[in-house]
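In order, the protein sequence lines correspond to chains A and B.
Read left to right, the first sequence gives residues 1 to 256 (my numbering).
Read left to right, the second sequence gives residues 257 to 580 (my numbering).
Each hint should be verified, as a subset may be incorrect.
Said to hold, decoys possible - List of simulated lysine-lysine pairs, BS3-like, C-alpha gap at most 25 Å: (1) B:Lys549 / A:Lys248; (2) A:Lys196 / A:Lys2; (3) A:Lys159 / B:Lys536; (4) A:Lys220 / A:Lys50; (5) B:Lys549 / A:Lys220; (6) A:Lys248 / B:Lys536; (7) B:Lys518 / B:Lys536; (8) A:Lys2 / A:Lys220; (9) A:Lys197 / A:Lys50; (10) B:Lys549 / B:Lys536; (11) A:Lys50 / A:Lys248; (12) A:Lys50 / A:Lys159; (13) A:Lys50 / A:Lys2; (14) A:Lys199 / A:Lys2; (15) A:Lys248 / B:Lys518.
FYI, nobody ran anything at the bench for these hints, they're computed from the structure.
Keep in mind it's a predicted model, so treat the numbers as computed, not measured.
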Amino acid sequence: MKILVALKQVPARDLPVVADSARTWIDESGLTYEMNEPDAYALEAALRLKEAEGGEVIAVSCGPERVQAVLREALAKGADRAIHIAVDGEAARGTDPSATARLLEMAAREEQPELILTGLQSDDTGSGQTGVILAARLGWPHATLVVAIEPSAGEVRVKRELEAGWFQHVTLPLPAVLTVQSGISRLRYATLMGIKKAKTKEIRRVEAPAEALAAGLRLKQLAEPRRQRETQFLEGSPAEQAAQLVEKLRFEARVL
Amino acid sequence: MSRILAVMEPAGAGWHRMSFEALAGALELARATGSEVTVCAPGSAQAAGEFASFDVSEVVALEHEALGAYAADAWVEALLQVIRGRQPEWVVLPHTYQTRDFAPALAARMDRTLMGDSTGFAMEDGAPVFERPMFQGKLVGRFVFETPGPNFVSFQAGAFRAAQAAGGSAPVHVFRPVLDGAAIRQRPEAPFREAAQAVDLSAAERIVAVGRGIQEEANLELARELASALGAELAASRPICDNGWLPMERQVGSSGQTVAPKLYVALGISGAIQHIVGMKGSGCIVAINRDPKAPIFEIADYALVGDLFEITPAIIEELRKGAG
Ligand SMILES: Cc1cc2nc3c(=O)[nH]c(=O)nc-3n(C[C@H](O)[C@H](O)[C@H](O)COP(=O)(O)OP(=O)(O)OC[C@H]3O[C@@H](n4cnc5c(N)ncnc54)[C@H](O)[C@@H]3O)c2cc1C
Ligand SMILES: Nc1ncnc2c1ncn2[C@@H]1O[C@H](COP(=O)(O)O)[C@@H](O)[C@H]1O
Numbered sequence: 001m002k003i004l005v006a007l008k009q010v011p012a013r014d015l016p017v018v019a020d021s022a023r024t025w026i027d028e029s030g031l032t033y034e035m036n037e038p039d040a041y042a043l044e045a046a047l048r049l050k051e052a053e054g055g056e057v058i059a060v061s062c063g064p065e066r067v068q069a070v071l072r073e074a075l076a077k078g079a080d081r082a083i084h085i086a087v088d089g090e091a092a093r094g095t096d097p098s099a100t101a102r103l104l105e106m107a108a109r110e111e112q113p114e115l116i117l118t119g120l121q122s123d124d125t126g127s128g129q130t131g132v133i134l135a136a137r138l139g140w141p142h143a144t145l146v147v148a149i150e151p152s153a154g155e156v157r158v159k160r161e162l163e164a165g166w167f168q169h170v171t172l173p174l175p176a177v178l179t180v181q182s183g184i185s186r187l188r189y190a191t192l193m194g195i196k197k198a199k200t201k202e203i204r205r206v207e208a209p210a211e212a213l214a215a216g217l218r219l220k221q222l223a224e225p226r227r228q229r230e231t232q233f234l235e236g237s238p239a240e241q242a243a244q245l246v247e248k249l250r251f252e253a254r255v256l
Numbered sequence: 257m258s259r260i261l262a263v264m265e266p267a268g269a270g271w272h273r274m275s276f277e278a279l280a281g282a283l284e285l286a287r288a289t290g291s292e293v294t295v296c297a298p299g300s301a302q303a304a305g306e307f308a309s310f311d312v313s314e315v316v317a318l319e320h321e322a323l324g325a326y327a328a329d330a331w332v333e334a335l336l337q338v339i340r341g342r343q344p345e346w347v348v349l350p351h352t353y354q355t356r357d358f359a360p361a362l363a364a365r366m367d368r369t370l371m372g373d374s375t376g377f378a379m380e381d382g383a384p385v386f387e388r389p390m391f392q393g394k395l396v397g398r399f400v401f402e403t404p405g406p407n408f409v410s411f412q413a414g415a416f417r418a419a420q421a422a423g424g425s426a427p428v429h430v431f432r433p434v435l436d437g438a439a440i441r442q443r444p445e446a447p448f449r450e451a452a453q454a455v456d457l458s459a460a461e462r463i464v465a466v467g468r469g470i471q472e473e474a475n476l477e478l479a480r481e482l483a484s485a486l487g488a489e490l491a492a493s494r495p496i497c498d499n500g501w502l503p504m505e506r507q508v509g510s511s512g513q514t515v516a517p518k519l520y521v522a523l524g525i526s527g528a529i530q531h532i533v534g535m536k537g538s539g540c541i542v543a544i545n546r547d548p549k550a551p552i553f554e555i556a557d558y559a560l561v562g563d564l565f566e567i568t569p570a571i572i573e574e575l576r577k578g579a580g
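Just chain A, with the same shape it has in the complex:
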């Protein structure tokens, strides 16, 4: 099976993220980046399908030059080749997921895969929509929140996560787009051999056409989250914090 898997590079999750001085985007200085977590699971699912069924895994990422790092990582883990859709500045941010979907649509039309896997949601801009929009634009069926994939002739049966611990199986004809939820299977690490091999694999770079980038939904401003409770910050050494907490839980909140 020929599988296209969409990988986004996002700011590393443990770093603080702050707005820039104009408050129209984040301050990117000093950020380091990593593969969006659900996308790592989408890649893992694609690699396992290829191992079981044969075929080809093509990784695609849209963004500035730095996103080639996640493509290299995918190649090292076992993807066969990669496409970098080069786009920079505001259009690369993913604040309007339709713009990203249009770029991925280009790659999909060219490659004609049987299956496209995306992550469920990006950890930075977090629209949770790109894969579904892509499916609508291609005229393909889709399923979201996918936690298991069983392919059969011309079809795929997937397990979807519903709310509050419920699940459901859905069968769709191929070609289809699936958005993968985290936890679908244990992630592999790249081996030394894989990393070496990746250096010989192809990353094809294509320029994003300007007309693909028009946005209908515009990020006007980034604001600070609002405090929803009267929060008391307990100060001091760990022992002092602990003593205050236990005192307050007993006599102020009365929950012990």
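Model the placement of chain B with the ligands on the given structure of chain A, informed by the hints.
Relative to the frame of chain A, chain B with the ligands by itself:
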């Protein structure tokens, strides 16, 4: 008068509770923009009739067998037909998992982008600016539409207090979309739960929940000790269950359990919206996190900024002192 279409979601014999919150959001948007609300309720005229007594101008009962078991293609096609007929300026939905599955495609079919996951809006220069969490809740994005109506918004749980019936009697119209069975490509099976749940966290009085800050499976022991010192159940954020360190039945959040204990202690949990919707109703929330800007602190009563590996043992010791 311009129109807002509020799309409700059936659940069992009634409606998903977030439908009433989305309806409240639609009513507020109607007041702010001088519009009227049409409720679109997939189901029989009788079921949809429940919405006639709300402060709305019309209820559309969207009736078709193909809308029974959820399939994205059927919903998109049926709602497209309602939208083309009613020509709303806004389409408002509850931000449920079902909405996440079809609404981006519905908007895309009309060349629009859904504003998903919205936690509210404010009017600025005569137009609504919609907010939603970004960067895992570390910042709030404020968005405007550049496209003319219809524009699509889905409201997150808790964004609005559920709408109440207002003693009205709006007309209920049945609309039967034309759906071609062969064009519905998803074949859904019945929803199910994994093996019976052994723990019911929703009944727990106290909960200690661990997040990725715990770093290693072996460190869960520390959280277990704190839980036992507090007489609490152990719970977790999603990554802990994804790793298989705790069973999924102990996951708190939109995919897991919704809990409201007297005491909720979050150990190394950042406070992503999907976690918060599952626990923000807790009586007293304690958060321990080394990042002073972690979003979990926005909803905490007591905030302990620091290393959980230093603070947690100190709390356990303090509790034991009291008990001894
Ligand atoms: C559709 C959907 C459904 C989801 N459902 C759920 C759900 O049901 N439940 C859920 O929880 N999540 C859910 N998620 C995932 C959610 O978005 C977050 O990714 C997840 O909650 C993050 O878990 P975390 O806070 O443990 O990890 P992180 O976000 O990685 O946070 C770890 C925190 O630990 C802190 N930390 C690290 N080391 C230390 C230390 N030594 N001492 C103190 N603090 C430390 C860090 O500062 C950080 O704040 C869902 C996501 C989606 C898209
Ligand atoms: N710039 C990008 N390059 C490649 N894939 C992307 C990009 N942005 C989003 N995606 C894919 O779309 C998914 C959902 O992203 P989003 O709609 O932004 O939440 C991600 O998990 C990725 O798989």
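field: Hints that the structure is at odds with (numbers, increasing)
entry: Failing hints, ascending: 3, 4, 8 and 11.
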